[in-house]
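Put together the whole structure using the sequences plus the hints.
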Amino acid sequence: MPEETKGPDSVLRQPEGAKAPAESAAPGKPPATPATSAESVKAAPAAQSKPAEAAKPTAAAKPAAPAAAKPPAPPAKPAGPVPEPWESELVTRLRQQYGSGIEESLRYLGQTYLTVDQSILPEILRRMRDEEGFDYCVDITAVHYPKREQQFDMVYVLYSFPKNERTRVKTRIKDGEHVPSAVAIWETANWLEREAFDMFGIVFDGHPGLKRILLPDEWKGHPLRKDYDILQQDREWVQINLGIESGQ
Amino acid sequence: MSQPIDTSYLDLDTKDETFLDSTEMVLNMGPQHPSTHGVLRVILKLDGEKVLGTECVIGYLHRGVEKIGENRTYTMFNPYVDRMDYVAAVSNGLGYCETVEKLLSAEAPPRAQYIRVILTELCRISSHQVWLGTHALDIGAITPLFYAFRDREEILKIFEKYCGARLTTHAFRIGGCIYETYDGFEQDVKKFCTFFLPKLDEYEELLTTNRIWVTRTKNVGVLNPEDCIALGVTGPVLRASGVKWDLRKAQPYECYKDFDFEIPTGVNGDTYDRYLVRIAEMRQSVRILQQAVEAIPTGPIMAKVPKVIKPPVGEVYHSIEAPKGELGYFIVSDGSTQPYRVRVRPPSFVNLQALDKMVRGLLVADVVAVIGTLDIVLGEVDR
Numbered sequence: 001m002p003e004e005t006k007g008p009d010s011v012l013r014q015p016e017g018a019k020a021p022a023e024s025a026a027p028g029k030p031p032a033t034p035a036t037s038a039e040s041v042k043a044a045p046a047a048q049s050k051p052a053e054a055a056k057p058t059a060a061a062k063p064a065a066p067a068a069a070k071p072p073a074p075p076a077k078p079a080g081p082v083p084e085p086w087e088s089e090l091v092t093r094l095r096q097q098y099g100s101g102i103e104e105s106l107r108y109l110g111q112t113y114l115t116v117d118q119s120i121l122p123e124i125l126r127r128m129r130d131e132e133g134f135d136y137c138v139d140i141t142a143v144h145y146p147k148r149e150q151q152f153d154m155v156y157v158l159y160s161f162p163k164n165e166r167t168r169v170k171t172r173i174k175d176g177e178h179v180p181s182a183v184a185i186w187e188t189a190n191w192l193e194r195e196a197f198d199m200f201g202i203v204f205d206g207h208p209g210l211k212r213i214l215l216p217d218e219w220k221g222h223p224l225r226k227d228y229d230i231l232q233q234d235r236e237w238v239q240i241n242l243g244i245e246s247g248q
Numbered sequence: 001m002s003q004p005i006d007t008s009y010l011d012l013d014t015k016d017e018t019f020l021d022s023t024e025m026v027l028n029m030g031p032q033h034p035s036t037h038g039v040l041r042v043i044l045k046l047d048g049e050k051v052l053g054t055e056c057v058i059g060y061l062h063r064g065v066e067k068i069g070e071n072r073t074y075t076m077f078n079p080y081v082d083r084m085d086y087v088a089a090v091s092n093g094l095g096y097c098e099t100v101e102k103l104l105s106a107e108a109p110p111r112a113q114y115i116r117v118i119l120t121e122l123c124r125i126s127s128h129q130v131w132l133g134t135h136a137l138d139i140g141a142i143t144p145l146f147y148a149f150r151d152r153e154e155i156l157k158i159f160e161k162y163c164g165a166r167l168t169t170h171a172f173r174i175g176g177c178i179y180e181t182y183d184g185f186e187q188d189v190k191k192f193c194t195f196f197l198p199k200l201d202e203y204e205e206l207l208t209t210n211r212i213w214v215t216r217t218k219n220v221g222v223l224n225p226e227d228c229i230a231l232g233v234t235g236p237v238l239r240a241s242g243v244k245w246d247l248r249k250a251q252p253y254e255c256y257k258d259f260d261f262e263i264p265t266g267v268n269g270d271t272y273d274r275y276l277v278r279i280a281e282m283r284q285s286v287r288i289l290q291q292a293v294e295a296i297p298t299g300p301i302m303a304k305v306p307k308v309i310k311p312p313v314g315e316v317y318h319s320i321e322a323p324k325g326e327l328g329y330f331i332v333s334d335g336s337t338q339p340y341r342v343r344v345r346p347p348s349f350v351n352l353q354a355l356d357k358m359v360r361g362l363l364v365a366d367v368v369a370v371i372g373t374l375d376i377v378l379g380e381v382d383r
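Line order of the protein sequences matches chains A and B.
Using this note's numbering, the first residue of the first sequence is number 1, and each one after it goes up by one.
Using this note's numbering, the first residue of the second sequence is number 1, and each one after it goes up by one.
It should be emphasised that the hints constitute simulated quantities derived from the structure, not laboratory data.
There's no promise every hint is true.
Restraint-style ranges between C-beta atoms, simulated for each label pair [what the hints assert, rightly or not]:
no.: 1; chain 1: A; residue 1: E87; chain 2: B; residue 2: P297; range: 36 to 42 Å
no.: 2; chain 1: B; residue 1: Y179; chain 2: A; residue 2: G110; range: 27 to 33 Å
no.: 3; chain 1: A; residue 1: K174; chain 2: B; residue 2: T73; range: 29 to 35 Å
Anything over 12 Å on all C-beta distances counts as not near chain B; from chain A, calculated [unchecked claim]:
no.: 4; residue: P85
no.: 5; residue: Q96
no.: 6; residue: V238
no.: 7; residue: G243
Don't be surprised by glycine CBs; every beta carbon is placed ideally from N, CA and C.
Okay, structure coming up:
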């Protein structure tokens with residue numbers, strides 16, 4: 001999850017050269033071995049000697065990254081960019097109307113996303129299409145976090161043809177909770193929701209024909225859940241059809 | 001004199017419920033039907049020859065690519081994506097590599113970007129050639145298949161010389177390309193361009209004004225722009241309906257903004273327009289190839305990405321214009337060496353959903369034409 005991201009704000013992206021991240025990383029992270037910083041410093045003049053590379057903002061950051069990954073003992077976590085708040089007219093308008101229903105509005109690596117409360121999801125989606133111009137629903141999918149109380153992230157990737165803009169609307173749901181179907185808003189949601197049902201077992205209320213799409217109807221379980229055992233199917237099949245223990 | 005025929009047992013006054021013209025019929029097409037381009041099963045509800053409705057049964061080729069991705073490192077998963085749309089493997093690889101690069105905040109060096117664009121455009125042409133050949137074959141024209149596959153061979157030879165593989169190329173790596181171009185790569189591409197343009201005219205000579213072809217494709221499977229957008233249809237199918245939208249122009253990736261090319265669009269959104277759009281797209285690809293091969297810069301081909309790829313915690317959606325439409329990857333990283341979640345947004349899967357709307361009211365033979373014009377690859381539909 002983005003909010004768990006630790007570390008200084010995008011040290012890796014500083015354009016001054018590799019020396020800067022190495023220095024700032026050393027006090028910030030005590031477990032970094034001397035070998036790490038020594039290697040990073042060694043890499044620094046190499047990067048500076050090549051003006052063509054140093055001129056590129058991202059190239060300067062790269063020598064530090066392999067150095068940090070090399071020492072096997074305490075693998076220093078590469079500090080990455082962190083999500084920053086996303087403010088725009090769209091967000092302000094939505095916040096005015098829905099208040100705390102808009103839980104987060106963030107921008108990560110130039111991509112924006114909203115996290116909204118599950119109760120206002122259908123309203124938000126409809127509004128995004130009708131008033132904000134996000135007329136094309138690119139993708140609907142889910143991500144499973146078994147350790148969280150609200151286990152699933154529903155992700156709606158939206159695109160606006162008039163604005164040439166992409167954004168994502170996300171919501172969190174508990175296991176077994178139903179999600180209102182988006183088929184009435186975008187026809188394309190039909191198969192995409194069936195796939196999410198097939199893979200995650202998320203039930204969509206109001207879907208015209210919610211059944212499995214990629215797996216056979218008699219399939220047990222939902223494979224993209226993190227707690228789905230990939231060997232279970234195999235064992236069971238061998239047991240039932242061959243009457244022997246699976247060697248797996 | 002013969003005896004009059006006794007018809008008393010026939011009971012001609014009551015309606016026979018088993019009579020074909022009096023009932024709807026459900027017909028199975030596929031999964032082993034040659035025109036379904038793989039293992040697509042379409043259940044057709046028919047009134048005589050007229051299609052009342054369809055239902056697609058898919059998943060016969062499901063391999064759980066997304067689950068595999070969660071159990072492999074970023075690098076190990078790279079070759080798997082080639083197996084989705086196996087007639088355009090290069091595009092799949094490009095989309096995946098770019099998405100991971102975005103997560104890493106890395107960018108391929110300019111030379112690698114040019115190599116990527118050249119190979120991807122060659123791949124687009126070869127994918128359209130497969131489409132043309134099989135689509136024409138489905139409708140009954142056998143010659144275009146031989147022509148298209150004969151000329152596609154030249155592209156596959158370039159792929160083979162470049163990376164050793166012809167179809168599932170695994171040509172790109174996260175951060176750039178692994179192979180430098182071989183001696184004579186530029187000449188081969190240039191030679192292909194000059195060789196291919198007249199061949200394209202040959203295809204058109206066979207089909208564009210061919211009376212049978214025009215009758216079988218005009219006003220067949222019409223999609224209007226509103227339906228396309230509601231159904232999420234992308235790629236040539238969307239453009240044939242008149243929507244001038246191509247990700248290479250709308251949100252340029254790699255070095256596409258360096259090139260001068262056009263987005264061909266259609267007017268009627270029927271099968272014939274989709275044919276014209278794809279043919280025009282091949283010409284535009286040749287244009288891009290000619291510009292790219294002249295301007296290919298020197299320099300490194302690999303960005304400095306770590307050997308062990310561990311993107312920072314976060315999630316990214318990135319998509320490219322694959323030959324079939326918008327191919328997107330949504331990758332969630334938890335900071336480890338394996339992706340936490342890889343979602344593939346396959347153009348074929350989403351486009352296939354439009355089949356039902358397109359064939360309602362048409363004849364059975366038109367279903368074959370419409371499946372062909374959608375240009376689906378079941379490996380990508382089922383993943």
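Each hint, compared with the structure:
Between E87 of chain A and P297 of chain B the beta carbon distance is about 38 Å. The supplied range of 36 to 42 Å therefore holds. Checked against the hint of 27 to 33 Å, the C-beta distance between Y179 of chain B and G110 of chain A comes to roughly 30 Å, which is consistent with it. As the Cβ distance of K174 of chain A to T73 of chain B is approximately 31 Å, the hint placing it in 29 to 35 Å holds. Non-interface call for P85 of chain A relative to chain B: holds, since the shortest CB-CB distance, roughly 15 Å, exceeds 12 Å.
For Q96 of chain A, the shortest C-beta to C-beta distance to chain B comes to about 27 Å, beyond the 12 Å cut-off, and the non-interface label holds. The claim that V238 of chain A is not at the interface with chain B holds, since no C-beta of that chain comes within 12 Å of its own (minimum 18 Å). G243 of chain A, annotated as away from the interface, keeps every beta carbon of chain B farther than 12 Å; the closest lies near 26 Å.
Of the numbered hints stated above, none is contradicted by the structure.
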